[in-house]
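With chain P fixed as given, assemble chain E onto it according to the hints.
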Amino acid sequence: MPLQFDSAYNKRKRALQQAMFACFRVLSYSIVLVLFIILGFILVKGVSVINWNFLTQAPTDGMTKGGIWPAIVGTFYLMVGSAVFAFPVGVVSGIYMSEYAPKGKLVAFIRTMTNNLAGIPSIVFGLFGMAFFVNYLDFGDSILAGSLTLGLLALPIVIRTTEEAFRDIPSSYREGSLALGATKTQTIWHVLLPMAMPRVITGLILSLGRVSGETAPILFTCAAYFLPKLPDSIFDQCMALPYHLYVVATSGTDIDAQMPIAYGTAFVLIVIVLLMNLVANAIRKHFEKKLKQK
Amino acid sequence: MNKIEAKNVDFYYGTFHALKGINITIPNNEVVAFIGPSGCGKSTFLRLFNRMNDLIPGARLTGQVLIDGQDIYEKGVDVDVLRRGVGMVFQRPNPFPKSIFENVAYGLRVNGIKDKDFIRQRVEEALTSAALWNEVKDKLKESAYALSGGQQQRLCIARAMAVQPSVLLMDEPASALDPISTAKIEELICELSSQTTIVIVTHSMQQAARVSNKTAFFYLGEMVEYGETKKIFTNPEKEATQNYITGRFG
Numbered sequence: 000m001p002l003q004f005d006s007a008y009n010k011r012k013r014a015l016q017q018a019m020f021a022c023f024r025v026l027s028y029s030i031v032l033v034l035f036i037i038l039g040f041i042l043v044k045g046v047s048v049i050n051w052n053f054l055t056q057a058p059t060d061g062m063t064k065g066g067i068w069p070a071i072v073g074t075f076y077l078m079v080g081s082a083v084f085a086f087p088v089g090v091v092s093g094i095y096m097s098e099y100a101p102k103g104k105l106v107a108f109i110r111t112m113t114n115n116l117a118g119i120p121s122i123v124f125g126l127f128g129m130a131f132f133v134n135y136l137d138f139g140d141s142i143l144a145g146s147l148t149l150g151l152l153a154l155p156i157v158i159r160t161t162e163e164a165f166r167d168i169p170s171s172y173r174e175g176s177l178a179l180g181a182t183k184t185q186t187i188w189h190v191l192l193p194m195a196m197p198r199v200i201t202g203l204i205l206s207l208g209r210v211s212g213e214t215a216p217i218l219f220t221c222a223a224y225f226l227p228k229l230p231d232s233i234f235d236q237c238m239a240l241p242y243h244l245y246v247v248a249t250s251g252t253d254i255d256a257q258m259p260i261a262y263g264t265a266f267v268l269i270v271i272v273l274l275m276n277l278v279a280n281a282i283r284k285h286f287e288k289k290l291k292q293k
Numbered sequence: 000m001n002k003i004e005a006k007n008v009d010f011y012y013g014t015f016h017a018l019k020g021i022n023i024t025i026p027n028n029e030v031v032a033f034i035g036p037s038g039c040g041k042s043t044f045l046r047l048f049n050r051m052n053d054l055i056p057g058a059r060l061t062g063q064v065l066i067d068g069q070d071i072y073e074k075g076v077d078v079d080v081l082r083r084g085v086g087m088v089f090q091r092p093n094p095f096p097k098s099i100f101e102n103v104a105y106g107l108r109v110n111g112i113k114d115k116d117f118i119r120q121r122v123e124e125a126l127t128s129a130a131l132w133n134e135v136k137d138k139l140k141e142s143a144y145a146l147s148g149g150q151q152q153r154l155c156i157a158r159a160m161a162v163q164p165s166v167l168l169m170d171e172p173a174s175a176l177d178p179i180s181t182a183k184i185e186e187l188i189c190e191l192s193s194q195t196t197i198v199i200v201t202h203s204m205q206q207a208a209r210v211s212n213k214t215a216f217f218y219l220g221e222m223v224e225y226g227e228t229k230k231i232f233t234n235p236e237k238e239a240t241q242n243y244i245t246g247r248f249g
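Chains as they are written, first to last, in numbering that gives the first Met the number 0: chain P, 0 to 293; chain E, 0 to 249.
No lab work stands behind these hints, which were simulated from the structure alone.
Zero decoy hints are in this set.
Here's a subset of chain E near chain P, in silico, CB distances under 10 Å, partners left out: (1) 56; (2) 81; (3) 87; (4) 88; (5) 89; (6) 108; (7) 161; (8) 162.
Calculated lysine-lysine pairs in the DSS-like style (CA-CA distance at most 30 Å, straight line): (9) 289/P with 113/E; (10) 138/E with 289/P; (11) 113/E with 97/E; (12) 284/P with 97/E.
The structure presented is a predicted model; accordingly, all values stated were derived computationally and were not measured.
Just so you know, even glycine gets a beta-carbon here, dropped at the ideal spot from N, CA and C.
Chain P on its own, in the form it takes in the complex:
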């Protein structure tokens, strides 16, 4: 039988396929479109207030004027604080789960629990942070309590990315190292960790991006409505961008003057998160390049 390119069946098949692809294309483009609409909306509404003073000064006149500098600083402190806590603990747990823990029910249980931890609403973390860090450990409303609470939130992401990064390394590298008389610890430290590092770092920074935008966990543990000066120590309260945004948008005295400030704050927050993601990419690429050259 000769080839029949134009049979009715084939035409129908091709048409269906094209319709499907068109559908996929529209759906994926629309996601990007939504992102740009959000960014554009915030940019348009907030750009009028953004200038050097907005970025470097404290709020004034009942938060209807002035800038958001203390909130930027506060968010920065909270990010660093949560990283200092979540990174070592998360990486060590991830390594333990991938390399040391005997495969079986225990690891599966820990993994399920870690995933559940990631699914807990952030306000619950806030409540726990208040009960445990603020009251029980008596840290008070402080950067320390807020960082630890945010760190708990970041922990599941760091653990999971670390564990996956280690598990994806082919076992031939472990065998190669062990066969030379290296201990498991030496193998992890000298061979596996450098290989896993790009993904571990990426996971950390992405988790910090998430943390920097959280309001609920710091609501009861750290965030200040308004502070005239920058914090002096980790036992001071601080302002933070997401909470500041919430405050100016909901409990102001002069809505018309405050809404642009709220949008400006939102814009700065988004830019910080985007910058963090860019930095994450740059660090990952740097490590990958180093691995290839070395």
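Same frame as chain P, now just chain E:
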């Protein structure tokens, strides 16, 4: 003088009986080849000598494996020390994502050697003994991944030789390589056999015939026959061996 001795070795992966009652003695500074069809247990047996099978959950051994008269499965035997003395080269080249120099120096470093001059000298010796020195001496700082597959495998041999093992285990070391690289590896095996006892698992009977003094034929978890390579390939005692080497199965 016997380097390696296995007495009544039985080995299980969970409930699977992978090795059945194996006895073998491997003399010092000889090249011994393990041949047999896939799944016959020859790699499993090889990996007993540096306790690589310890990594497999559910694995169990009965019987004794002695190296230099010492039962290596006895309680209190330090596997790191054992593996330093019993090197291994794997089926696929597995250099670390480090420089050529650091790959070879790795075994020395993890064994606590810090003297830089000593390390440099050892690295050069090891690369020379793996017939790689002339090809890489000007690019020691470059990534090991810049080398070809055959060079990478010779780098792995150099890496193993740098800690001066008295036994070198090779698990189908040339099966992922082209014929020219394979020839180089075989040449190396002959040269290295003056320094160390070599046990090589291979699928290629020609290879076994070319490089080894003694050959063991494995089938279905048993060691069917073990003897001088010449005799195994020209006048085997068992019919199964005869059938395998003449290509009737496997």
